[in-house]
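As you go down the protein sequences, you meet chains F and X in turn. Residues in the first sequence are numbered consecutively from 1, following our numbering. Residues in the second sequence are numbered consecutively from 254, following our numbering.
Simulated from the structure, these hints should not be mistaken for lab results. It is possible that some hints are incorrect.
What the hints assert, rightly or not - BS3-like, lysine-lysine: derived pairs with alpha carbons at most 27 Å apart:
| # | chain 1 | residue 1 | chain 2 | residue 2 |
| --- | --- | --- | --- | --- |
| 1 | F | K252 | X | K361 |
| 2 | X | K373 | F | K252 |
| 3 | F | K11 | X | K373 |
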Amino acid sequence: MNWRGVYAIYKFEMARMRRTLLQSVVSPVISTVLYFVVFGSAIGGRITDMQGVSYGAFIVPGLIMLTILTNSVANASFGIYFPRFLGTIYEILSAPISGLEIALGCVGAAATKSIILGLIVLATAGLFVPLDIAHPVAMIGFLVLTAITFSLFGFLIGIWADNFEKLQVIPLLVITPLTFLGGAFYSIHVLPPAWQTVTLFNPIVYLISGFRWSFFNVADVSPGVSLAMTAGFLSLCVLAVYWVFRTGYRLKT
Amino acid sequence: MPPIIAVSNVSKTYASGLVALKGVSLDIAPGEIFALLGPNGAGKTTLIGIICGIVNASGGTVTVGGHDNVTEYRAARSLIGLVPQELATDTFETVWATVSFSRGLFGKSPNPAFIEQVLKDLSLYERRHSKIMTLSGGMKRRVMIAKALAHEPQILFLDEPTAGVDVELRRSMWELIRKLRDVGVTIILTTHYIEEAEEMADRIGVINKGEIVLVEEKAELIRKLGQKQLILDLAQPLAALPPELARRNLVLAGDGQQLVYTYDTKGEHTGITALLNELSAAGIRFKDLNTKQSSLEDIFVGLVSGK
Ligand SMILES: Nc1ncnc2c1ncn2[C@@H]1O[C@H](COP(=O)(O)OP(=O)(O)OP(=O)(O)O)[C@@H](O)[C@H]1O
Ligand SMILES: [Mg+2]
Numbered sequence: 001m002n003w004r005g006v007y008a009i010y011k012f013e014m015a016r017m018r019r020t021l022l023q024s025v026v027s028p029v030i031s032t033v034l035y036f037v038v039f040g041s042a043i044g045g046r047i048t049d050m051q052g053v054s055y056g057a058f059i060v061p062g063l064i065m066l067t068i069l070t071n072s073v074a075n076a077s078f079g080i081y082f083p084r085f086l087g088t089i090y091e092i093l094s095a096p097i098s099g100l101e102i103a104l105g106c107v108g109a110a111a112t113k114s115i116i117l118g119l120i121v122l123a124t125a126g127l128f129v130p131l132d133i134a135h136p137v138a139m140i141g142f143l144v145l146t147a148i149t150f151s152l153f154g155f156l157i158g159i160w161a162d163n164f165e166k167l168q169v170i171p172l173l174v175i176t177p178l179t180f181l182g183g184a185f186y187s188i189h190v191l192p193p194a195w196q197t198v199t200l201f202n203p204i205v206y207l208i209s210g211f212r213w214s215f216f217n218v219a220d221v222s223p224g225v226s227l228a229m230t231a232g233f234l235s236l237c238v239l240a241v242y243w244v245f246r247t248g249y250r251l252k253t
Numbered sequence: 254m255p256p257i258i259a260v261s262n263v264s265k266t267y268a269s270g271l272v273a274l275k276g277v278s279l280d281i282a283p284g285e286i287f288a289l290l291g292p293n294g295a296g297k298t299t300l301i302g303i304i305c306g307i308v309n310a311s312g313g314t315v316t317v318g319g320h321d322n323v324t325e326y327r328a329a330r331s332l333i334g335l336v337p338q339e340l341a342t343d344t345f346e347t348v349w350a351t352v353s354f355s356r357g358l359f360g361k362s363p364n365p366a367f368i369e370q371v372l373k374d375l376s377l378y379e380r381r382h383s384k385i386m387t388l389s390g391g392m393k394r395r396v397m398i399a400k401a402l403a404h405e406p407q408i409l410f411l412d413e414p415t416a417g418v419d420v421e422l423r424r425s426m427w428e429l430i431r432k433l434r435d436v437g438v439t440i441i442l443t444t445h446y447i448e449e450a451e452e453m454a455d456r457i458g459v460i461n462k463g464e465i466v467l468v469e470e471k472a473e474l475i476r477k478l479g480q481k482q483l484i485l486d487l488a489q490p491l492a493a494l495p496p497e498l499a500r501r502n503l504v505l506a507g508d509g510q511q512l513v514y515t516y517d518t519k520g521e522h523t524g525i526t527a528l529l530n531e532l533s534a535a536g537i538r539f540k541d542l543n544t545k546q547s548s549l550e551d552i553f554v555g556l557v558s559g560k
């Protein structure tokens, strides 16, 4: 293992993110506040509660997930796409470092940042609603696992993309809609049965459900299933990254 | 001594179907400066890319320091520093950070004293805290060299190191290359400038259309393939070459003041005696004569266009 190489990439990525720290912290904080104003107060006043949780509190896990998913994907995809775009990838490809080590450095940094942002959103939400976390360890577990999984996913997008449009399109057309439809702001039990079945094909349902369970002990699907689905998606991403570096897909000519 | 790099029968066909390398074999001796010469598109960068692990070969094998560069890529790549042809830098980073990054990437423990020395050797130390985007093109190129040297490689690849570099900087790069050679670093450089190969290299390889057409000691190359010119300064200018003297390799030059005879130094007979006899028979006198060894450039152009 080239640990120093992994650390070099990690540090490099963290430095890049530090340069844009302000905007990356400000935007989730502002959107969290907006969600609370719109959903928590304006609309939430009309909704009594969801699965026995006040609506304001109910949306907190979904909001955190939204932040984690979008930031993980954005940071990791940009982290690997940008060196390809600049041409500086030559150095990483010619270094004595394996593909999984490159992914580890890059994904580790992206996940670190999105976990930090997720916790900032949590703290911001705490200003609006009282939060009792039922299973703190599980909560952190889901947070970390999701951040890593989607950073890996973003890493793959950054390798697949060959222009800036493609880099944007997946987060915009896939991640955000799936998060909204995945029960970030409602329990899928409020949907008609047919739609509930369709929704179960949305992997983000399992993430949000498991994460919400760790807060309030209520879930759309059992937490074990959530954990299994997350782990399954994580393994898929790891396999894909492994394949990318074995074949040199989009990295080597 | 076993070669430090052994390229054996390496071929490359790009996805587009373009054949960039056709079964290239090449050995590089430890400690030498090897210049790879070839016209645009000959396959120089492709060959370097394959050795360094950036391009996948379609066939053949490469060993670096005895390590296969695919199955034992870690050991192989640790030995190599690469300065690619294209300028590609992390524009937002400082010089110091980017060079330290390179060292870490290659798994070496931090060594600020060493980095400092590298930056000083490349006259970058004053600018160590500058962001790369604020540097000039020549400085950026030196930053890339510093990055390649940061992990103390035994082999340095320089893909057209002096393209777009002013005369002074080119001189200082040659200087640096010699210094590196003196401490035992093997250097492989590609160039379009024949003078550069002539000035720097111990051995020269010529690549054309994906094939190595020649590998030779520089001195040997010049001797073996060299053509010489015999230049006769005439006592009386000639209006035209007398028909009885006409031959393929004799021309009238300098407003009829000179006769230039080109001959092959490795030929059995150079034809000089015959020419001189015919000249005196024709009553043409000359006041001076000298010979000129053809430059590597002439050899190179002859090889690439001729065969
Ligand atoms: N990524 C690529 N995809 C397809 N063809 C390529 C690619 N890279 C290089 N080639 C082609 O392969 C051939 C060899 O290119 P290469 O860059 O190795 O030449 P070179 O000798 O370095 O040329 P130059 O002196 O111009 O740098 C060229 O015909 C080039 O167009
Ligand atoms: Mg080239």
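Hints, one by one, checked against the model:
no. : hint              : in the structure
1   : F/K252 <-> X/K361 : holds, 25 Å
2   : X/K373 <-> F/K252 : violated, 34 Å
3   : F/K11 <-> X/K373  : holds, 25 Å
When held up to the earlier numbered hints, the structure conflicts with hint 2 and nothing else.
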